[in-house]
Amino acid sequence: MTGEIGQLALCLALALACVQAAAGLWGLKDERAAGVASGAALGMFVFVALSFGALVVGFVTSDFSIADVANNSHTLKPLIYKITGVWGNHEGSMLLWVLVLSVYGAGIAFLKRGGLRLTSAALGVQGLLAVAFILFILLTSNPFARLDPMPFEGLGLNPLLQDPGLAFHPPTLYTGYVGLSATFAYAAAALLTGDVDRAWARAARPFMLIAWIALTLGIAGGSWWAYYDLGWGGFWFWDPVENASLMPWLVATALLHSALATERTGAFRTWTLLLSIMAFSLSLIGTFLVRSGVITSVHAFASDPKRGVFILLILSVAILGALALFAWRAPKLESGTAFEPTSRETTLLVNNIFLVTALGVVFVGTIYPIILSAFGTRLSVGAPYFQLFFAPIFIALMIVLPFGPRLAWRRGDLLAAFRTLLPALGVAAVAGVIVLAAASPRTLVGAGAFAVAGWVIGASAVDLVARVRARTFAIAGFAAVLAHAGLGITLMGVAGTNLWRSEALEVLAPGETMTVGRYTLRFDGVKGVAGPNYQAAHADIDILKDGAVTGHLAPERRMYPAEGQETVQTAIRTTGLEDLYVALGDDRGQGRWTLRAYVNPLAPLIWLGAGVMALGGLASLWGRVRAMFFAQDKEPAALAPEAV
Amino acid sequence: MKRLLFALLLMSSTALGARAPETLPDPAQEARAQALQKEFRCLVCQGESIDESGAPLAADLRRLIREHIARGESDAEITHYLVARYGDFILMNPPVQSNTYALWAAPFVVLLLAAGTGGWIVLRARTRARETSAQ
Chain A
1 MTGEIGQLAL CLALALACVQ AAAGLWGLKD ERAAGVASGA ALGMFVFVAL
51 SFGALVVGFV TSDFSIADVA NNSHTLKPLI YKITGVWGNH EGSMLLWVLV
101 LSVYGAGIAF LKRGGLRLTS AALGVQGLLA VAFILFILLT SNPFARLDPM
151 PFEGLGLNPL LQDPGLAFHP PTLYTGYVGL SATFAYAAAA LLTGDVDRAW
201 ARAARPFMLI AWIALTLGIA GGSWWAYYDL GWGGFWFWDP VENASLMPWL
251 VATALLHSAL ATERTGAFRT WTLLLSIMAF SLSLIGTFLV RSGVITSVHA
301 FASDPKRGVF ILLILSVAIL GALALFAWRA PKLESGTAFE PTSRETTLLV
351 NNIFLVTALG VVFVGTIYPI ILSAFGTRLS VGAPYFQLFF APIFIALMIV
401 LPFGPRLAWR RGDLLAAFRT LLPALGVAAV AGVIVLAAAS PRTLVGAGAF
451 AVAGWVIGAS AVDLVARVRA RTFAIAGFAA VLAHAGLGIT LMGVAGTNLW
501 RSEALEVLAP GETMTVGRYT LRFDGVKGVA GPNYQAAHAD IDILKDGAVT
551 GHLAPERRMY PAEGQETVQT AIRTTGLEDL YVALGDDRGQ GRWTLRAYVN
601 PLAPLIWLGA GVMALGGLAS LWGRVRAMFF AQDKEPAALA PEAV
Chain B
1001 MKRLLFALLL MSSTALGARA PETLPDPAQE ARAQALQKEF RCLVCQGESI
1051 DESGAPLAAD LRRLIREHIA RGESDAEITH YLVARYGDFI LMNPPVQSNT
1101 YALWAAPFVV LLLAAGTGGW IVLRARTRAR ETSAQ
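Protein chains in written order, with my numbering: chain A, 1 to 644; chain B, 1001 to 1135.
Be careful, since some hints might not be right.
[Said to hold, decoys possible] Rough simulated footprint, nothing fancy, chain B against chain A, three-plus residues with beta-carbon under 8 Å:
no., segment
1, 340–353
2, 361–367
3, 438–449
[Said to hold, decoys possible] For lysine to aspartate or glutamate, the following DMTMM-like pairs were computed, each having C-alpha atoms within a straight-line distance of at most 25 Å:
no., chain 1, residue 1, chain 2, residue 2
4, B, LYS1038, A, GLU242
5, A, LYS112, A, ASP30
6, B, LYS1038, A, GLU503
7, A, LYS545, A, GLU512
8, A, LYS332, B, GLU1131
[Stated by the list, open to error] Just a sample of chain B residues kept apart from chain A, beta carbon distances all over 10 Å, derived:
no., residue
9, LEU1024
10, GLU1052
11, LEU1057
12, LEU1064
13, ASP1075
14, ALA1084
15, ARG1085
16, GLY1087
17, VAL1110
18, GLU1131
Hints listed in this document are in silico derivations from the structure and should not be mistaken for laboratory results. What you are looking at is a predicted structure, and each value in this text was computed from that prediction instead of being measured. C-beta: ideal position from N, C-alpha, C; glycine also.
So that you can see chain A by itself, here it is in the shape it has in the complex:
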């Protein structure tokens, strides 16, 4: 019964999506249609949520008459993995995608930002996307398809996904990916209405911010998950699927900065529109790469060429349609903005140049092997290629970055900006010298990286002091301070881990010790432990200091009989500035086991920095929400000039 309810709700949602699309676009002619589109958007959200709820019930009650549940669940799975397992498969994750889309649609309908006509057109565009993706689900990936006869037991969920990370990572990432659809819808709506001034950018801003925050947290969360789950101490692998999430983030970051100028001074109007289209297009390309089976990974649950072709069709129509609309309308835009080369506009432009170049590197590096393989050549583009280009691009970006918030709009004073930044230059010098003097191995690259991080964080501190002195405590004003400092913190983490990591790999018998970095580890043997749906080899390891035990680590290897797969559970002990990371390798007989141990200096800063960046986004969002609900008509004026 739940299956039928879910299926029916999804079909009704499709009907409402059609109404939303038609009424929304009709709203361009007659604003009264906007009400219908809004109602349809809210209704669609209700029905998609109902459909999603039905699938959750199917998973929780282990209703194996639903093929999706039978293929991806198991009665012995703990409850949390039954629930998160809903999106741990292709069909369910696409339904989650549509659910998030409908939440944004309802948000646009509820807030009605930018006036009725703009809202209506945006809802129309969102409606078209919803129609396409619900059709995709119903025609190629129906999560409610029945299985007859019904099996007694399910096939289980990939054990790698049986992790709390699954509760957090996909919903957050989708909130980001799909959130860019709202920005896309507003950009397309602006092009449709022909009113391509600043209003749409202001209307889309909160959605843009939510998407960016979610992408930042989703990517960082995924990287942390890979770090503790995969067992070799790395945090980013330049895997095509990771790149698929990084590309929208790079464009969204560029967009946040470019839209800032569009909103404040009307500069870069054409470019901001194009970035909005690009950001969501890359989300779609990411969805295509991951969901079509073009690339295989833990994220690509099943590959079916029919699905790939369908998504490719949606993607082509959406991207080409939007670009055609852009080509038709954009030339009519009057580009009347004027600013001096030393101005905030220029620094935002420089930011965009570097971010777009970084995007180009990731895009080409990800797509190139796929294109070559179509011609029968197998080639891999791995981490060294990406790192080679990313390091200089980001270092250059971060050297310019501190000038941005210090320069005025239209015409700034570079010398005065530099003078206020002298303390930051001091911080940079001190950071570089300390690293050169104290770190081993001693590297110029390391000193340079820390000098740049010090420069950016120091500049944030300068801004912070200026704000405290001026007694301006509007939360939105701290957005750039936080986001930029976060980037500096992440850079320290990345540099520290890459330059000064120590690792050791040994086979130990019980009672034997190994050293890694400044730690001595004593292996106390492995015992068998039974989990709810797995058997674990549980190792006991003591951390020794001068012969005394100072800590304990317990890495595991887990065997999941239902799925016939093994996973590694690493043990990590962090001081906040350094991770001691141990993974249990294979059984070498007679109680001897392989142990892999790493000391990752400053690793926690990677994710701390991302968290601080997201906080910066939240601060900015808070300013918008406040303006929306407490000072409706004063929104731009209520913001401090430096607000992001």
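Knowing the structure of chain A, use the given hints to seat chain B on it.
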């Protein structure tokens, strides 16, 4: 098969010293091996070098590299050997050759295009700013 692999593992571990089956006794050679194994892809995993991978094939390749180093071969010789055996796909870093020129040129092309467009926008905006202030 698994038992056979296991036996092989045990044999290799006795051959190279009981405590550290996957490391060379000479620290300089070991450092070379560790640097070199970051350059090759684990063929059965996604996006991991054989340095990072826990797959048995990666362990075999790590051992293979050490055998060749112990025989006194240079890094270039070992790379050549592995590419001849497994193809370009094994290289983490794609080689610069006729079918990768576009790949290596792309970042520079994008940067030039972006910087060119940016510079043009700034110049135009400056001209406009000077015109308005002159009026």
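Worksheet entry | Minimum Cβ-Cβ distance from VAL1110 of chain B to chain A exceeds 10 Å | violated (3 Å)
Item to complete: Establish whether the coverage given for the segment 340–353 of chain A by chain B is satisfied; the threshold is a Cβ-Cβ distance below 8 Å, and no fewer than three residues must meet it.
Response: As far as the segment 340–353 of chain A goes, the hint holds, because 8 residues have Cβ atoms under 8 Å from chain B.
Worksheet item: Are there three or more residues in the segment 361–367 of chain A whose C-beta lies within less than 8 Å of some C-beta in chain B?
Response: Since three or more residues must qualify, the claim that chain B covers the segment 361–367 of chain A holds, with 3 doing so at under 8 Å.
Discussion item. Checking one constraint from the list: CA of LYS1038 of chain B to CA of GLU503 of chain A, max 25 Å. Satisfied?
Written reply: Holds - the C-alpha atoms of GLU503 of chain A and LYS1038 of chain B are around 14 Å apart, at most 25 Å.
Fill in: Exclusion check [GLU1052 of chain B not at the chain A interface, CB over 10 Å]
violated (4 Å)
Discussion item. Over 10 Å from every CB of chain A: does LEU1057 of chain B meet that, or does the non-interface label fail?
Written reply: Answer for LEU1057 of chain B: holds, closest chain A Cβ roughly 14 Å.
Practice prompt. Measure nothing beyond the straight line between the CA atoms of LYS1038 of chain B and GLU242 of chain A; if it is 25 Å or shorter, mark the hint as holding.
Written response: OK: LYS1038 of chain B and GLU242 of chain A at ~19 Å, within 25 Å.
Worksheet item: Is it correct that the beta-carbon of LEU1024 of chain B has no partner in chain A closer than or equal to 10 Å?
Response: The assertion about LEU1024 of chain B holds, with a minimum of 12 Å to chain A.
Worksheet entry | Outcome, coverage hint (the segment 438–449 of chain A, chain B; C-beta under 8 Å; three residues) | violated (count 0)
Worksheet item: Is it correct that the beta-carbon of LEU1064 of chain B has no partner in chain A closer than or equal to 10 Å?
Response: Per Cβ check, LEU1064 of chain B is outside 10 Å of chain A; nearest 16 Å; holds.
Worksheet item: Taking the minimum C-beta separation from ARG1085 of chain B to chain A, is that value above 10 Å?
Response: holds (14 Å)
Worksheet item: Does the claim that GLU1131 of chain B lies off the interface hold, with its Cβ farther than 10 Å from every Cβ of chain A?
Response: Violated, because the least Cβ-Cβ distance between GLU1131 of chain B and chain A comes to about 8 Å, which does not exceed 10 Å.
Comparing the model with each numbered hint stated earlier shows that hints 3, 10, 16, 17 and 18 do not hold.
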